[in-house]
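*Asks:* Now for the letters of each chain:
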Amino acid sequence: MKIGILLKEGPYNHQAADTAYRFVEAAIRKGHTVDAVFLYNDGVNNVTKMMDPPQDDRHIAARWDQLHKARGVEILACIAASKRRGICDEVLIEGGEITGLGTLTDIAIRNDRLLTFGD
Amino acid sequence: MENEHVKKIMHVMRHAPHGTIYSYEGLEMILIMAAYEQDLSVVFIGDGVYAIKKNQDTAGIGIKGFAKTFMALDGYDVEKLYVDRVSLDERGLSEEDLLVDVEVLDSSEIGALMNEQDVIIHH
Amino acid sequence: MLHTINKSPFSSDSFDTCIRFLQPGDPVLFIEDGVYAVQSGNRFSSAVGGMLHSNPVYALKPDLDARGVSGLTDGVETIDYDGFVDLVEAHQVNSWL
Numbered sequence: 001m002k003i004g005i006l007l008k009e010g011p012y013n014h015q016a017a018d019t020a021y022r023f024v025e026a027a028i029r030k031g032h033t034v035d036a037v038f039l040y041n042d043g044v045n046n047v048t049k050m051m052d053p054p055q056d057d058r059h060i061a062a063r064w065d066q067l068h069k070a071r072g073v074e075i076l077a078c079i080a081a082s083k084r085r086g087i088c089d090e091v092l093i094e095g096g097e098i099t100g101l102g103t104l105t106d107i108a109i110r111n112d113r114l115l116t117f118g119d
Numbered sequence: 001m002e003n004e005h006v007k008k009i010m011h012v013m014r015h016a017p018h019g020t021i022y023s024y025e026g027l028e029m030i031l032i033m034a035a036y037e038q039d040l041s042v043v044f045i046g047d048g049v050y051a052i053k054k055n056q057d058t059a060g061i062g063i064k065g066f067a068k069t070f071m072a073l074d075g076y077d078v079e080k081l082y083v084d085r086v087s088l089d090e091r092g093l094s095e096e097d098l099l100v101d102v103e104v105l106d107s108s109e110i111g112a113l114m115n116e117q118d119v120i121i122h123h
Numbered sequence: 001m002l003h004t005i006n007k008s009p010f011s012s013d014s015f016d017t018c019i020r021f022l023q024p025g026d027p028v029l030f031i032e033d034g035v036y037a038v039q040s041g042n043r044f045s046s047a048v049g050g051m052l053h054s055n056p057v058y059a060l061k062p063d064l065d066a067r068g069v070s071g072l073t074d075g076v077e078t079i080d081y082d083g084f085v086d087l088v089e090a091h092q093v094n095s096w097l
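Those protein sequence lines, which keep their order, are chains A, B and C.
Using this note's numbering, the letters of the first sequence correspond one by one to residues 1 to 119.
Using this note's numbering, the letters of the second sequence correspond one by one to residues 1 to 123.
Using this note's numbering, the letters of the third sequence correspond one by one to residues 1 to 97.
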């Protein structure tokens, strides 16, 4: 099965980013394809490399970055939502990309499932 | 004409406007998706119905109003606009209180529509 | 259609709202704070029990464990993330945020 993920909530504030990540891990482990994680609303805050959590906590942006580099999952932040929240290329993780809502529509069309996580 | 590549995508508006951005950014998403010629529908449930309530004046809170933009959906060929009857009743509202021309449906009808969808996105 | 609920029923109407639109046979999965709904003997136990007459009900075990929720309403099944993926493979998804 081919899966797209829509993540609508920021990191740490809500468990959504963690649940989405765990789900993606399990799906890949079971042999499914995770095409992309599309970030919307405050979800765009997931990809700022400026976040600096305490060392004993998970680094959510680094985790998405790693997911892209190791598994090829596209990590996409909505441009309109990003601009509102100060997310731009200067703060973006290497494995992330800022793109339009048209891309989300393509993700919805080309995958068997589009799964939403959020508040 | 039946096109196997056309997906049925339902947007479920669940939040009131202004207090949070979900309704507004949900509307932005719908407007973009409308350009892709998919089978779109929009359902207003719970506080989501407040997004299309008449007589909203946001001048005093300094946030741009967007209720009227829902009226423009028709021009983007998004014609399937549904409102949950129970949500209206619970809030003491009727169809006359709404800015947009919608179809008021019972829970079972909306539930059946949901089960036909390929994708459902809540806002 | 798989329905997921991620809010405590004590603080959100997602649970009550989802129930109204649920079609017989559709599985319901409680995740995140949603798992508080399935603890036996709470205000929502009879509603969960009623749901079980016509729908399979699941709760995500890592979320139950994280919250110290045990003693679930009879009939509620626990699954892990792999089980979540299996449900998604079998059904389209309606996430009641």
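Possibly wrong hints are sitting among the right ones.
[What the hints assert, rightly or not] So the derived label-pair ranges between C-beta atoms look like this:
| no. | chain 1 | residue 1 | chain 2 | residue 2 | range |
| --- | --- | --- | --- | --- | --- |
| 1 | B | D89 | C | G49 | 35 to 45 Å |
| 2 | B | D57 | A | A62 | 37 to 47 Å |
| 3 | B | K80 | C | G49 | 18 to 28 Å |
| 4 | A | R63 | C | G50 | 21 to 31 Å |
| 5 | A | D52 | B | N55 | 23 to 33 Å |
| 6 | B | G19 | A | A70 | 31 to 41 Å |
| 7 | A | G31 | C | S70 | 30 to 40 Å |
| 8 | C | G25 | B | K80 | 33 to 43 Å |
| 9 | B | E95 | A | E90 | 20 to 30 Å |
| 10 | A | D57 | B | N55 | 17 to 27 Å |
Derived by calculation from the structure, the hints in this document are not laboratory data.
Glycine is no exception: its CB is placed at the ideal position from the N, C-alpha and C atoms.
*Asks:* Determine for every hint whether it applies to the structure shown.
*Replies:* Checked hints:
1. B:D89 to C:G49: 35 to 45 Å: 27 Å, violated
2. B:D57 to A:A62: 37 to 47 Å: This hint holds: roughly 45 Å between Cβ atoms.
3. B:K80 to C:G49: 18 to 28 Å: 35 Å, violated
4. A:R63 to C:G50: 21 to 31 Å: Roughly 39 Å apart at Cβ, these two residues miss the hinted range, so it is violated.
5. A:D52 to B:N55: 23 to 33 Å: 46 Å, violated
6. B:G19 to A:A70: 31 to 41 Å: 39 Å, holds
7. A:G31 to C:S70: 30 to 40 Å: Distance hint for A:G31, C:S70 holds at roughly 32 Å.
8. C:G25 to B:K80: 33 to 43 Å: Since the Cβ atoms of C:G25 and B:K80 sit about 25 Å apart, the hinted range of 33 to 43 Å is violated.
9. B:E95 to A:E90: 20 to 30 Å: Because 49 Å falls outside the window, the suggested range is violated.
10. A:D57 to B:N55: 17 to 27 Å: 47 Å, violated
In terms of the numbered hints stated before, the structure departs from hints 1, 3, 4, 5, 8, 9, 10, listed from lowest to highest.
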